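As given, the protein sequences belong to chains E and S, one line each in that order.
Under the numbering used here, residues 1 to 193 are what the first sequence spells out, in order.
Under the numbering used here, residues 1001 to 1180 are what the second sequence spells out, in order.
Think of the hints as simulated: they come from the structure by calculation, not from any bench.
Remember, predicted model here, so these are calculated numbers, not experimental data.
Take these hints with a grain of salt, some might be off.
[To be verified] Reference excerpt, derived from the structure (chain S facing chain E, CB under 10 Å, subset only):
#1 1074
#2 1135
#3 1164
[To be verified] Below, in silico cross-link-like pairs of lysine to aspartate or glutamate (DMTMM-like), each with a Cα-Cα straight-line distance of 20 Å or less:
#4 E:181 - S:1129
#5 E:180 - S:1132
#6 E:191 - S:1140
#7 S:1126 - E:152
#8 S:1139 - E:182
#9 E:181 - S:1132
#10 E:163 - S:1129
#11 S:1126 - E:157
#12 S:1139 - E:129
#13 E:180 - S:1129
#14 E:163 - S:1132
#15 E:180 - S:1140
#16 E:31 - E:177
#17 E:181 - S:1140
#18 S:1108 - E:64
#19 S:1043 - S:1119
#20 S:1139 - E:30
#21 E:127 - S:1140
#22 E:31 - S:1140
#23 S:1126 - E:159
[To be verified] Over the 10 Å line for every Cβ pair with chain E, so calculated as not near, a few chain S residues:
#24 1004
#25 1013
#26 1054
#27 1107
#28 1116
#29 1117
#30 1120
#31 1122
#32 1123
#33 1155
#34 1157
#35 1159
#36 1172
Where a beta carbon is used, it is the ideal one built from N, C-alpha and C, also for glycine.
Single-letter residue listing:
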Amino acid sequence: MIIKKFLLIAAIFAFYFLTIATFANYPSADKIQDFTLTDYNGNKHSLSDYKDSKAIVIIFIATECPVSNAYNSRMEKLFEEYNQKGIAFLGINSNKAESVERIKEHAMENGLTFTILKDEKNIIADKFEASFTPEVFVLNSEFNILYHGRIDNARNETEVVTKDLENALNEILAGKEVSKKETKAFGCSIKRI
Amino acid sequence: MLDQKNLRMIFYLKTYLLIQLLFFLSGITSNGFSQSEAATQAKIINVSDLEKIINQNKDRALLINVWATWCLPCREEFPDLVKLAKVYEKEIRVLCISVDDPDELDSKVLPFLKKQNAEYDNYLLKVVEPEDFINLLNKDWGGAVPATFIYDSQGNQSQVLIGKQSYEEFEQSLKKVINK
Chain E
1 MIIKKFLLIA AIFAFYFLTI ATFANYPSAD KIQDFTLTDY NGNKHSLSDY KDSKAIVIIF
61 IATECPVSNA YNSRMEKLFE EYNQKGIAFL GINSNKAESV ERIKEHAMEN GLTFTILKDE
121 KNIIADKFEA SFTPEVFVLN SEFNILYHGR IDNARNETEV VTKDLENALN EILAGKEVSK
181 KETKAFGCSI KRI
Chain S
1001 MLDQKNLRMI FYLKTYLLIQ LLFFLSGITS NGFSQSEAAT QAKIINVSDL EKIINQNKDR
1061 ALLINVWATW CLPCREEFPD LVKLAKVYEK EIRVLCISVD DPDELDSKVL PFLKKQNAEY
1121 DNYLLKVVEP EDFINLLNKD WGGAVPATFI YDSQGNQSQV LIGKQSYEEF EQSLKKVINK
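Could you build the full structure based on these sequences and the hints that come with them?
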């Protein structure tokens, strides 16, 4: 009788963990808590400041990663096009060796006009479980993640076939569910040490 | 008796032979260099080629390192991989796969590999859709490089190391799959 009870409990636990394992894809949280970071002009920005946007696009970027830099003009274009449609854009730099001064300089040099925040000690990168640059997370007003992954399929702009982020944003604006919620691409690992 | 004319001829003959010998020797050494250059090559492969390579590896443990010339920590850990490949040659097969553009094979990838004296198996991936390649190696990997995947000699993936590793970290991971 005791053995039966034990087996039943064990089976329930096994089922529970198996379910979690089945739904675990490449690591990322499902919902983000509000956070506050500072931009390179010393102004504070909280996620909740953008609650009334149609969506919030968070992009983990770097100043010294050739992949992230290959996307500079594409990121800026997306910001200019979708910001006027009510979508907020926030860049986040979590790389330990990239200073606020360098981030500002880099933004000026590359014509990046969207807000870029410094994530000291990669606390926010850890919350998102972000692992590379550029890596995108699109949130709704409740901070659920609607889309996670790449901007498009190729570092080289001439080889772009699928514009994954743009597709996701268009679906969100049309009130549809995002059809491809997770994508992957090569990028520089975020330098946490 | 050797007269002046004969002496001169002997002198010229000796000089000629010396020059021939020098050419001969330099020919051997330059041949030697080009042979070691031939050893440092990177074969361009696609995802199904890689799948075959992984599946056919049954004799030793396998280490796959994914890197790119544009990735600084990848370049920094490379010498440790070269050293590891030499020290553990019998126990493990080391494959380095670059995700640089195939267009940059000659201008960037090969010069880097030659400088590193990378004599183990080098490949450059022709990427059409990065996800196919990323998911082949590990579904929990997002694509950050450098990334190292270690398989035992039965072809089972044992460990995934994301980010730059030290020699000691590589070695520690290897020891888990090497049968001593």
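- prompt: In ascending order, which of the hints set out earlier in this document are inconsistent with the structure?
  reply: As far as the earlier hints go, not one is violated by this structure.
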